[in-house]
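S.K.: Each chain, letter by letter, is given below.
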Amino acid sequence: MNIPLDLPEAIENALQGNCASTTRRRFLKASGALVVSLSVAPSSGLLAATTAPDGTKLAGPYADPDFRQLDTWIVIHPDNSATFYVGKTDSGQGTGTAFRQMMCDELDIAYDKTNLIMGSTDITPDQGGSGGSDAIEVDGWPMRRVAAEARRALLDLGGKHFNVPAAELTVRDATIALKSDPAKTVSYAELVGGRRFNIGLTGNNIDLTHGMAEVKPVNELRVVGHSLQRYDIPAKVDGSLTWAVDMKLPGMVHARNVKPPVAGAVVRGIDESSVTNIPGFVRVIRHGNYVAVVCEREEQAIRAARQLKVDWQPPATAPFPASEQLFDYMRHASPTSKSEPEIEGNPDAALGSAHQVIEAEYEVPFQGHTAIGPAHALADPSNGQMTIYTNDMKSYGQRNGIAQFLDMPRDRVRVVYMSGPQTYGRTAADDAGFEAAYLARELGRPVRLQWMRNEETAWDTKGPAYVFKLRGGLDAKGKLMALEYDACAADYNHVGYNEPDTVLIAQLMGRRPKGPAKGAAATPSDKYAIANRRTTTRVVGLPMIWETPLRTGNLRDPNGPQVTFASESFIDELATAARADPVQFRIDLLTDSPEDNAFRRVRSLAVVRAAAKAYGWETRPSPRKPTADQILTGRGIAYTYRGRTVVAAVAGVEVDRQTGRVWVRRLVCAHDCGLVINPEGLRRTIECGMLHGLSRALWEEVRFDNQNITSVDWLSHPSLRHSDTPETIEVVLVNGDPRPDRPDLAPYGAGEASHKPMIAAVANAIHDATGVRLRRAPFRKERVLAALRAANV
Amino acid sequence: MATTKLLVNGAMHEVDADPATPLLYILRNDLGLRGPRFGCGLGQCGTCSVIIDGIATRSCTLPVSRAHGHITTLEGLSKNGKLDPVQQAWIDEQVPQCGYCHNGQIMTARALLDRNPDPTDAEIRTAMEGALCRCMTYYRVQAAIKRVARGANPREKVE
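Residue numbers (numbering that gives the first Met the number 0), protein chains in the order written: chain A, 0 to 792; chain B, 0 to 158.
Hints in this document: simulated from the structure, not taken from any laboratory.
Be careful, since some hints might not be right.
[Stated by the list, open to error] Below, simulated DSS-like cross-link-like pairs (lysine-lysine); rule was C-alpha separation at most 27 angstroms, straight line: (1) Lys337(A) <-> Lys513(A); (2) Lys112(A) <-> Lys4(B); (3) Lys112(A) <-> Lys178(A); (4) Lys337(A) <-> Lys517(A); (5) Lys183(A) <-> Lys159(A); (6) Lys247(A) <-> Lys4(B).
Just so we're clear, the structure is a prediction, and the values are computed from it rather than from any experiment.
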């Protein structure tokens with residue numbers, strides 16, 4: 000069988016961006032003959048591993064790029080430019096630009112002489128794609144180390160070239176010179192341009208990949224720390240970029256799904272004659288309760304999906320309670336799992352002897368990703384292989400999952416990552432890739448599939464709903480003596496990424512894993528010193544766990560915004576009870592924090608103080624003194640860790656007493672993620688993370704009756720808009736590290752941290768402005784107005 | 000199927016399609032344009048926006064048979080190889096995150112500035128209200144519009 004290795008030319012060019020360099024696949028083919036000239040060892044196809052980790056032979060066209068080969072990561076071109084190949088994806092935070100900066104520094108090459116390819120499974124090593132804000136924090140390290148190893152190898156070759164020890168050489172901008180005679184130079188290209196390094200690397204897993212070279216100390220980095228413009232933005236604003244959604248192939252057809260009108264409905268029959276008159280009609284494809292229509296043109300497929308008559312049998316019992324009854328249901332449902340209580344000190348005794356005991360419950364509904372562009376993919380089944388073009392942020396997982404789902408050898412499946420609408424977690428991009436691949440194999444033609452808006456908003460995975468109960472005890476001086484935290488999450492059967500037995504098409508076809516995932520309820524991440532604590536969590540399930548649009552999956556910091564809403568709102572409630580300023584109350588709790596938390600405590604204090612200072616925080620208890628104004632103003636703070644990154648956010652709000660509308664007029668964020676790679680890129684990521692959190696604070700809520708989702712578009716599922724945008728957003732990049740100038744300062748993640756405290760910061764600010772405590776998110780104006788009226792504000 | 004004439008980015012095209020087909024699919028699938036993208040198909044998010052005779056228009060709900068006039072897409076904004084000032088401001092301000100909706104942000108902003116070259120902050124918010132962004136780049140979108148209207152370091156304009 001003759002399987003073409005090349006991607007279509009247009010895609011190859013798109014992947015290459017603006018850098019006119021030899022393409023990867025061409026390089027793989029062309030460089031083979033040149034291997035022996037560089038290496039004593041005979042070539043054995045080292046770029047591609049010949050065996051999988053489980054020992055089976057790989058023979059298809061798409062072998063796994065071997066992360067233990069330097070050539071997998073870096074190619075030096077004859078024009079003295081370089082291309083980096085990394086196994087990550089960029090959801091729009093500029094991580095690609097940051098990777099290039101880090102690798103340029105270690106390789107000693109100018110940024111504009113480099114190019115970066117991300118996330119295509121056949122040509123980039125498997126670093127897992129995106130997720131968990133770990134791109135810079137975790138995956139940046141092997142990138143830095145392999146670039147340092149390439150520099151070392153080039154210096155070694157330079158030494159041989161000049162017949163001197165490498166220590167007698169200097170290198171700058173991809174050119175090596177003799178220290179003793181700087182006029183004598185040799186370029187990287189002259190040493191290895193267009194050819195392979197053939198240098199093996201070590202490391203038990205890809206995160207540990209390293210060669211013999213060490214990375215540079217931070218104070219020697221010259222590209223890192225500068226606000227280079229993102230390389231991907233020009234083509235995104237002039238219309239020249241080929242996105243995954245733009246992909247077309249000869250012979251391609253268009254598909255649309257037909258989803259059950261009622262959750263859990265079963266297909267009894269399909270009247271195909273209802274659509275066969277549509278011009279361009281190709282086929283109806285059904286397997287179990289999965290139904291799709293395929294037509295030659297896109298608008299035909301959309302029409303056919305609407306027009307197809309399917310006889311659906313609704314389920315005998317309601318799949319879930321209506322959203323208005325959700326929290327009552329959760330409070331009374333039997334847990335599917337419970338954590339062992341975590342107990343510090345003696346919370347019962349401390350609460351029993353407390354001067355004042357405060358208790359509060361908080362509620363957060365299901366919230367969705369609701370990507371601006373509905374899920375899509377193009378699958379090409381030609382020549383016994385399968386290629387999926389997608390913006391799925393975990394392309395490697397999609398490749399493995401689809402291979403299993405279709406029962407194809409992994410080496411005949413590849414996933415080509417391309418730009419797409421924001422993903423921020425486990426979105427329907429996973430599902431669409433599997434669906435397109437399945438349909439393409441059924442039809443034997445390339446299939447382009449896109450979900451419709453109502454499908455995306457209703458059926459995409461949801462962040463879990465939560466009910467929290469907190470109790471705190473204060474002593475006579477207002478010091479927090481004890482804290483009880485209990486969290487209940489509707490997170491049973493949380494789906495993972497690209498799982499072949501939990502993606503939606505698998506569920507609708509009737510496939511089931513051995514058992515549902517347990518899900519999780521999370522706990523706060525603050526570093527407050529509280530001598531007596533009890534922390535308990537439990538997970539509950541909804542009546543229907545399969546084939547349901549209320550399926551949970553990771554959404555940007557999967558539990559963080561919910562948990563922090565409860566924990567940081569409650570800290571404010573305690574501060575109010577203690578008649579303490581909310582910032583000072585937090586500082587006191589952090590100052591008393593035990594020594595084993597010293598590093599995290601000092602960074603916590605730094606961000607809390609920096610946020611308060613930047614805001615011009617007036618020290619006083621909340622709420623402020625009531626006024627008779629129509630517009631009530633106030634401020635609120637919340638602080639949290641996400642991984643090793645710590646943030647404090649201050650929201651300055653205006654609440655309209657007449658309408659209940661909340662406008663967050665001002666936002667301040669103090670943020671410490673260690674070493675900053677690209678300050679302006681980081682600022683934008685922080686800003687947008689805050690506003691995404693603000694959208695969840697003010698608007699986002701999945702609504703449903705006891706049959707189906709009723710929030711299905713931008714009217715029934717509102718999101719933050721231009722008019723909600725704060726007038727000013729100030730980001731303070733703090734470095735609360737005990738030694739911020741240390742040479743080995745590590746970078747931590749920044750994709751989610753600023754998102755996390757927002758619901759709490761806004762709730763605290765509304766309370767400061769109005770004296771009314773909102774314990775149920777989101778704070779839409781109807782809910783705020785009702786609360787103000789109930790409190791006679 | 001019927002033949003429809005379309006004037007897009009200064010060039011006349013004839014397309015053979017069902018007259019009820021939304022303009023968006025013709026632009027993307029018949030004319031090979033990539034600026035306007037599908038977001039909702041309901042005219043609610045602006046991702047599919049084009050400018051028709053100076054007015055930002057949702058191509059996902061406009062039947063091709065009614066797409067009369069000069070249609071400009073994102074690809075048609077640049078002149079003589081030079082980016083439109085709005086596009087340049089988007090780069091200078093480093094506005095997008097994922098960028099998927101920014102066709103709609105840019106086209107809506109261009110139409111606003113064509114009819115009102117010096118909008119107040121409130122006018123910017125009102126004009127842009129229907130252009131949704133799920134990465135929440137609104138703050139930088141507004142800053143870039145002010146950059147075009149008021150120069151590189153825009154001061155607040157009080158209405």
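S.K.: Do the alpha carbons of lysine 337(A) and lysine 517(A) lie within 27 angstroms of each other, as the hint requires?
M.R.: holds, 10 angstroms
S.K.: Hint check: lysine 112(A) vs lysine 178(A), CA-CA at most 27 angstroms. Holds or violated?
M.R.: Roughly 24 angstroms between the alpha carbons, so the hint for lysine 112(A) and lysine 178(A) holds.
S.K.: Hint check: lysine 247(A) vs lysine 4(B), CA-CA at most 27 angstroms. Holds or violated?
M.R.: Given pair lysine 247(A), lysine 4(B) holds - Cα atoms ~24 angstroms apart, limit 27 angstroms.
S.K.: With a cut-off of 27 angstroms on the C-alpha distance, tell me whether lysine 183(A) and lysine 159(A) pass.
M.R.: holds, 14 angstroms
S.K.: Between lysine 337(A) and lysine 513(A), does the CA-CA distance stay at or below 27 angstroms?
M.R.: The hint holds at about 20 angstroms.
S.K.: Measure nothing beyond the straight line between the CA atoms of lysine 112(A) and lysine 4(B); if it is 27 angstroms or shorter, mark the hint as holding.
M.R.: violated, 45 angstroms
Hint compliance for this structure: hint 2 alone is broken.
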